[in-house]
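Two chains, two frames, a set of hints: combine them into the complex.
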Amino acid sequence: MNGTPLSALHPGDSATIVSIHAEEALHQRLLALGFRSGKQVELIRKAAFSGPLQVRVGTTDVMLRRGEATKIKVCKA
Amino acid sequence: MKRVALLGMPNTGKSTLFNRMTGGAARVGNWPGITVDLLSGKILLGSDMVEIIDLPGIYDLHGFSDDEQVVRHFLHDNVPDLALVILNATQIERQMSLLLQLKQLNMNIVVLLNMVDEAKKYGITIDSKKMTEMLGIPIFLLSGKYGTGYFEALQAITKALRYPTPGMAEQLRSQLEQDEHIESEMARVMKSAVQVPAQLPENLSDKLDRVMLHPWLGLPIFFGIMYLLFQGIFLLGQPLQEGMGAALDWLRESALDPALAGAPAWLSGLLLDGVYNGVATVAAFVPIIILFFLFMAIVEDSGYLSRAAFLMDALMAKMGLDGRGFVMLLMGFGCNVPALMGTRVMRSRSLRLLTMLVIPFSLCSARLQVFVFITAALFSPQAAPVVLFSLYLFSFAAAIVTALLFRKNFQNSEPFVLELPPYRFPTLQQMLMRGWLEVRHFLQRATKFIIAGVVLVWLLTNLPPSAAPASPDTLAGMIGSFLDPVFAPLGINEQLTIALIFGFVAKEIVIGSLAVIYGLGGDALGSALGQQLDWVQAYSFMLFTLIYTPCLSAVATLRSESKSMRYTLFALGWSLALAWLVSFVFYQGARALGF
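Taken in order, these protein sequences are the chains called V and Z. Numbering follows this note's numbering, in which position 63 of the first sequence is assigned residue number 63; successive positions increment by one, without gaps. Numbering follows this note's numbering, in which position 17 of the second sequence is assigned residue number 17; successive positions increment by one, without gaps.
Hint data in this document are derived by calculation from the structure and do not stem from the laboratory. All of these numbers come straight from a predicted model, not from anything done at the bench. Just so you know, even glycine gets a beta-carbon here, dropped at the ideal spot from N, CA and C. Some hints could be false.
[Said to hold, decoys possible] Computed footprint of chain Z on chain V, listed as stretches where at least three residues anywhere in the stretch have a Cβ under 8 Å from a Cβ of chain Z:
{"id": "1", "stretch": "14-26"}
{"id": "2", "stretch": "40-54"}
{"id": "3", "stretch": "61-67"}
[Said to hold, decoys possible] Incomplete in silico selection of chain Z near chain V, CB under 7 Å:
{"id": "4", "residue": "Tyr59"}
{"id": "5", "residue": "Phe64"}
{"id": "6", "residue": "Arg94"}
{"id": "7", "residue": "Pro215"}
{"id": "8", "residue": "Leu418"}
{"id": "9", "residue": "Tyr423"}
This is chain Z alone, in the form it adopts within the complex (with noise of 0.2 Å):
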């Protein structure tokens, strides 16, 4: 099959024009050479099938950053039949040079030149008669967004394609570094067929940007649109996970659980309550993640991220972390799952990295009904607020700690330099495209972990089979006793620690596990809990509840994203040993304090 490599620098457009080819019928693509996800799809042209794929965007063919070596190794071990490059038309004095170093590799080559609405505005004009005469290369002005001149530069892919590849030159280096040749060719091209004003009129990004990005207004628009952000995903979000959790029940109960009653009850436990959790635990984060996509691609997409970006680095910087990763860490109070697949924004792998091994401590939505549940048991209600603040302040401590002891470890060595693109607002069908593609990824990548997860803590907390659920005599129950030389310096039973054995799999569970544990509901089980446990017990279990492992999925989405299963143990180890020394702290301080 023929392949065509898309090809251009970030923020020209070119995922959403390969979205618009493919149909969203995208698929991620192992290829040779490389380690990170491209999207390939297959389409139609003419009358044969082609394959195209989306390469990341990058500045510069030599340059150093990751996704520039991603895309040399890819071009140097798959040779495409034909490279579309996508090229910003506003931008085209500069863009140009990435043009000319892809011809020097004699590859074929179709150009688009995307966004010339835009450029029309700023009063650029181009003549790509002209230019496709002088480059040799067929040029077409396209605008992605309102889809003229799609047509044209299918047509001209099709028949590209009909030519065979010419060989691409093997010494690729040496070939790359003719920076003389490429400017001087830039320059003639540029001054014949391109004019651009000398100075650019005023336009709608900087009316608005001198409102966001004001040096005292900013901070606080930035915080209120957060805020707007975090309410829009998960307000709308909570019933559409409870309708899911719901429907799933109602599924249940009404079907499998009448088609499963004549089967054994290890079976149908080990089916119902092991694999279909399991699903529904999937199953759940559904809605959550197209929301959270849907309005990310708004973010994004209209350029606000870049100007977060901006206003956040002070303070982030000294982190090693940037104004993005922020916007990410705020998003992990909702929940973490989708925030550590929105670290993908940042195309550098340490800093992704980085930013992954903080979001988890985010104190997010799950974790909130378990500390509301028990400060309700154990703290009077003038101080059950405070209580809860003042977990809220140890998540941004850990995350803060956190940054600042591993930065070392994950330091960046790409050069903070970000474009800030003018304000764009994203097409409807881009949005839900996008939060389409991500609801795939996280289904194809992480169910089987999950699923495998929930059965397993399935089958420790019900064998051996003569053990009473969840009791001490599962395995759950003995790995707690043995256990519990570790947990009973921070104040945590037996109990407490089967429910954090559950609580690895989520958090919404733990209170349903001490319900199974205790044999109590609701109420009664808060006041045997109250009676139980004093409140720094119940404080010190929290903080251990706040810090390990906030969920399988996470776990699942840590593995997925970083494709390293040594980061995400370390990962994982890393939070257990400080939510151990942060419970033993306390613990151990209160007490000593004569609490």
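Just chain V, same shape as in the assembly (with noise of 0.2 Å):
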């Protein structure tokens, strides 16, 4: 299964992580910060003129550009 990126969803929407295909950097704090294989998230809103998405993940929310965010493959729940 390929997923679809993080990028793509719409605010509101949950769904699983399937992969996540970042730089060693980026692939830590990810990891860090509870993106992982497996894990439930939402994409709570987009920011206006392509800026920056707001992630839910567990209890933590998280900001991260849409550049990074298509590194995240996800399967819509």
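Laid out in structure tokens, this is it:
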């Protein structure tokens, strides 16, 4: 299963992380913030003018840029 | 002396706890193996003095960010007797990984689960006894904000310090690679000791965010908040600054002038116009820095600063900066010095350096004074506002051009993934503590540099003793005529060049120095300038004043914040080069067009 990029979700959508294809530094940070395959994420909102995304994973709200969000593949719940 | 290192992820209330433990008596210390400032404080625990060190917040012991490297180096070169690990109880399900990484280092550890009051609201229950049992580490519940659990924790720390430090494993990195083991261990502890509800109840933060981060309303609200903040800091700050200035003048007139009346003129000049004015220059920044950090503590600790980053990121990312940089840039329009200090919220060094390169172009209130005086003297009342507005545009343009030119040189390697913590209201004590610590930091770091600079300019404008102060016969006058070939193409004459040398110290004294140079004050000075200069020359002078070094205090701050003389000289050199270039293009262009 390939999954869709996290950046393609719409505000309010929940999904399960399938895989993370990021370089090491970003990967480590994402892991530490709770992004792991199998985890539930919810896209809360997208900033205007193609700005960053607000994503909820567990009890943590995280903002990440769209470029970085495309590296996280999810499967819509 | 025994050492206790405070460790934890960002947004765990670590620094608040540190301030509480040390009672604000913290100092900046140097440690082997690392180059950044770490705060430390000595306190009495039981019957021994213990040193507590506040390490930067990290997500991961083997991460790649600047802070993560700092912590690794610190632990490697200065093994603490106890690691006090602070975890955010609301995020326990992911923060435990850091604890387990630390546990593998075989250090003496006490864990504080902070923000239990917030966790309770989320419906998260934690069985700390069970957790202590499973991990073999003492774990205490704490609410740093309200102080519950604080004394039990202190007792536990005192007790833990009685045991000798277990040796830390040498091969730090190889030990750290065992992620798999950490994951299963984490799952085991979580399963039996922690319960997190599947769906978080909608809380106040969600409701506030729906308005504050609204697609259309978010930005106007952001600018409204920035406007209020700016007005709050600088409307309150200006009278305080003036009051401070008046008090220092009074002290000088009533005590120092009479005391030095018998001394030779050069000595009293050096002591009063040199050293004492240097002290006064430093003192003038104290109220503004305190106020700035009082308000910044609200913006930052409340969680709004990361929201500002969210809102402004689309625009700022193109310049290689981030949204927090924009907040500091805006604050720079009041005063560059605290704005430069405020960039410390950015944890990536290259991002910080780029932001600090850009902030000095913000048209601060001191420069505004110069521009108001000169536009009033040389432009019609109708034209004056347009002229001032155009200078603000130049200020933004200089900042944007600088960021675009140099973003490649300050490539930010840290992934831009920021937490959006829930909204919290900082306590008054936290805010005051922050303001006080920052002022002390500024005084410790910048005072000598600023006083030395003020004395140097005094010497330049008063030596040799036979020359009248600030006249063409002084060293400054000689430099002025020496530099004439450089400044003549900008339409800036020798007198104005001397004023620019004064302006290096502070823009507040530019007009005062012109008064000394011309021997005229107030309106008379204005009309003299009006007769000697045309508007093209005056505007060129203002452009140069806008873009070159804001003031000695800003240079001192750049140096103390970057800890690099090379970077400071580069920032200085670039602003001088850009100032010259812009004034040159403007002046020659206007002349070529026949003005």
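Hint by hint, here is what the structure shows:
1. Counting residues of the stretch 14-26 of chain V whose C-beta sits closer than 8 Å to any C-beta of chain Z gives 4, which meets the bar of three, so the coverage hint holds.
2. Chain Z is given as covering the stretch 40-54 of chain V, and this holds because 9 residues of the stretch bring a CB closer than 8 Å to a CB of that chain, at least three being needed.
3. With 5 residues bearing a CB less than 8 Å from a CB of chain Z, the stretch 61-67 of chain V meets the requirement of three and the coverage assertion stands.
4. Proximity of Tyr59 (chain Z) to chain V holds as hinted, the smallest CB-CB distance being about 3 Å (cut-off 7 Å).
5. About 4 Å separates the beta-carbon of Phe64 (chain Z) from the nearest beta-carbon of chain V, less than 7 Å, and the hint is met.
6. Nearest Cβ of chain V to the Cβ of Arg94 (chain Z): about 4 Å, under the 7 Å cut. The hint holds.
7. Contact between Pro215 (chain Z) and chain V, as hinted, is supported at the beta carbon level, the nearest pair being about 5 Å apart and thus within 7 Å.
8. For Leu418 (chain Z), the shortest C-beta to C-beta distance to chain V is roughly 5 Å, which falls under 7 Å, so the interface hint holds.
9. Checking Tyr423 (chain Z) against chain V by beta carbon gives a least distance of about 11 Å; that is not within 7 Å, so the hint is violated.
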